[in-house]
Amino acid sequence: MPPSGLPSCSRVTSCCRRSLTTPSSPFHFHIRGGMAVHRCHGHNWLLLREGPRCPTHKLLHISATAEGHDRAVPVRSAMWADISTYSSRVLPSELLRRPPSVCGGAGGQSVSISRSSQSMALSGTGGGFFFMPSISSAPNGKEVMQKLNERLASYLEKVHTLELANSSLEQNIREWYKQQTPMPRDLSEYERTVASLQDQFDASNQHNTQIVLQIDNAKLAADDYKMKCLSMRQAVEADTVGLKKLLDELTFAKNTLDKQVEELKEERLSLKKNHTEEMNTLLAKQGTTINVEVDAVPGVDLKSAIAEIRAQYEEAVERNQQETEAWYKKKFDDLNQQVSSSTEELQSGRSQLAELKRTIQSLEIEVQSLISLKQALEGSLHETEQHNYTQLSELQNLINQLEAELAQLKGDASRQDEEYKALLDLKTRHELEIQEYRRLLDMEDKRGLRALCAGKWQDHHMQGHRLKLAEICPAVVARELQRDGGL
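Take the sequence shown: its position 101, counting from 1, is numbered 101 in the UniProt record's numbering, and each next residue is one higher.
Because the hints were derived from the structure by calculation, they are not lab data.
Please note: incorrect hints may appear among the correct ones.
The calculated DSS-like cross-link candidates involving lysine-lysine, where the alpha carbons are at most 25 angstroms apart (straight line), are [stated by the list, open to error]: (1) K244 to K421; (2) K219 to K374; (3) K158 to K374; (4) K259 to K158; (5) K330 to K265; (6) K147 to K331; (7) K147 to K245; (8) K254 to K357; (9) K254 to K265; (10) K245 to K265; (11) K285 to K303; (12) K265 to K285; (13) K244 to K147; (14) K285 to K273; (15) K244 to K331; (16) K259 to K244; (17) K265 to K329; (18) K228 to K272; (19) K421 to K178; (20) K421 to K410; (21) K273 to K259; (22) K254 to K244; (23) K158 to K244; (24) K427 to K178; (25) K147 to K158; (26) K158 to K331; (27) K259 to K331; (28) K273 to K303; (29) K357 to K219; (30) K303 to K245; (31) K265 to K331.
Since the model is a prediction, treat every value here as computed from it, not as a measurement.
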């Protein structure tokens, strides 16, 4: 039986029935420092496994100290399942020897109260609570409730601190999003560099093409000059051969004419000798005087006739000699003119041949220089292509790296967005719980302070309504021990 001043079971039942009128939950409990207490006619009743219970809701009660400013919170139906699932193991003795500790929690967190002589544990899963009493009742309920008030104040302060931390974290997340928003990379500088390199590459290709065309034109011009020089050389050589033949013919004709002149001179001398002999013979015959008188026609003057014949003959010989000399002179002049002209042509051909040889040599030197220039330009073009390929590879690697960083930033942004949403959800739930706690505190403040019955439970009452240690779940006890050890 409860001590004097405590409500009966029927009064508890009526209180529980009045609690049914609350729209948020079928029944309510008061909480002080994380402990769930059933408020009934100014008395606080802790939720226990055994003891006075409400026949309507099967709630277990134990008397607590009279303490004001209690507030009611809804308890979900999952709480009763936590209470009703116990095994028949004995509570470890370490639980009885632990110093007093209190831990409060809400929204999936745990709340526990323990003393060396008495222990109570409260756990919440999704808003539910679980209590386990100690072997004996609290010697001083007022002190316990004072500690619970202190725990509640610390819990509210912790909630306020978490709220400030959430707002600060939210502000930091917003600032981080403002700072870490992936901006599109400015690749205009790289594009300008690539465009400049591409223009240089195109200009090099165009210049190389022009040089190749110039080399081809120079080769064609050199071949043309070579063919012209070869044809002119062949023509000059042919003219030289022809002139040599003509010179040989003229030399042969000259020799023949010289022989004829010698023969004519010899013939002239022989004729002159014969004539002299005949003259001498005639003069010798004329010296002999023969007087022959013949009555006939007067004779011709032989001397005058001979003189006349001699004169005619000498005139003919002189005329033939002059004509022959003139002809030979003319021929020699013509031959000299031809030889001089041929010599001049030969000299001009030789000079042209030398000039063409010099031109060929200069063209060959120019071709060699153009070939070496072409090789140098080809090497420069190859080096430029290698350099451009290296730069393009580096730019491609940089683009791939930037794309990977962008993908990583997007992944980080999505992950941080999910974390932000989770934190925002947690913040919203905390705010809702804080608002609910404040509303319940305001409701309790309006009701005013109510006196609670003081005193202790009688030994026989506590023995009749204490919690059997064998029915406590070992897993729950171990969990509470771990939580108490972390306080």
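Going through the hints against the structure:
1. K244 to K421: It is violated: about 115 angstroms lies between the C-alpha atoms, which goes past 25 angstroms.
2. K219 to K374: The given pair, whose Cα atoms are some 13 angstroms apart, holds under the 25 angstroms limit.
3. K158 to K374: violated (84 angstroms)
4. K259 to K158: violated (153 angstroms)
5. K330 to K265: Holds. K330 to K265 sits at ~20 angstroms (cutoff 25 angstroms).
6. K147 to K331: violated (159 angstroms)
7. K147 to K245: Outside the cut-off at roughly 148 angstroms; violated.
8. K254 to K357: Answer violated: K254 to K357 is near 37 angstroms, above 25 angstroms.
9. K254 to K265: holds (16 angstroms)
10. K245 to K265: Judged against 25 angstroms, a Cα distance of about 29 angstroms means the pair is violated.
11. K285 to K303: holds (13 angstroms)
12. K265 to K285: violated (29 angstroms)
13. K244 to K147: violated (146 angstroms)
14. K285 to K273: holds (18 angstroms)
15. K244 to K331: holds (17 angstroms)
16. K259 to K244: holds (22 angstroms)
17. K265 to K329: The hint holds at about 17 angstroms.
18. K228 to K272: violated (63 angstroms)
19. K421 to K178: Cα-Cα ~17 angstroms, so holds.
20. K421 to K410: holds (16 angstroms)
21. K273 to K259: Given pair K273, K259 holds - Cα atoms ~20 angstroms apart, limit 25 angstroms.
22. K254 to K244: At roughly 15 angstroms apart (the allowed maximum being 25 angstroms), K244 and K254 satisfy the hint.
23. K158 to K244: violated (131 angstroms)
24. K427 to K178: Roughly 21 angstroms between the alpha carbons, so the hint for K427 and K178 holds.
25. K147 to K158: holds (16 angstroms)
26. K158 to K331: violated (144 angstroms)
27. K259 to K331: Measuring from Cα to Cα gives roughly 15 angstroms; hence the hint holds.
28. K273 to K303: Since the Cα atoms of K273 and K303 sit roughly 19 angstroms apart, the hinted pair holds (cutoff 25 angstroms).
29. K357 to K219: holds (16 angstroms)
30. K303 to K245: With a Cα-Cα distance of about 54 angstroms, the restraint between K303 and K245 is violated, given a limit of 25 angstroms.
31. K265 to K331: holds (19 angstroms)
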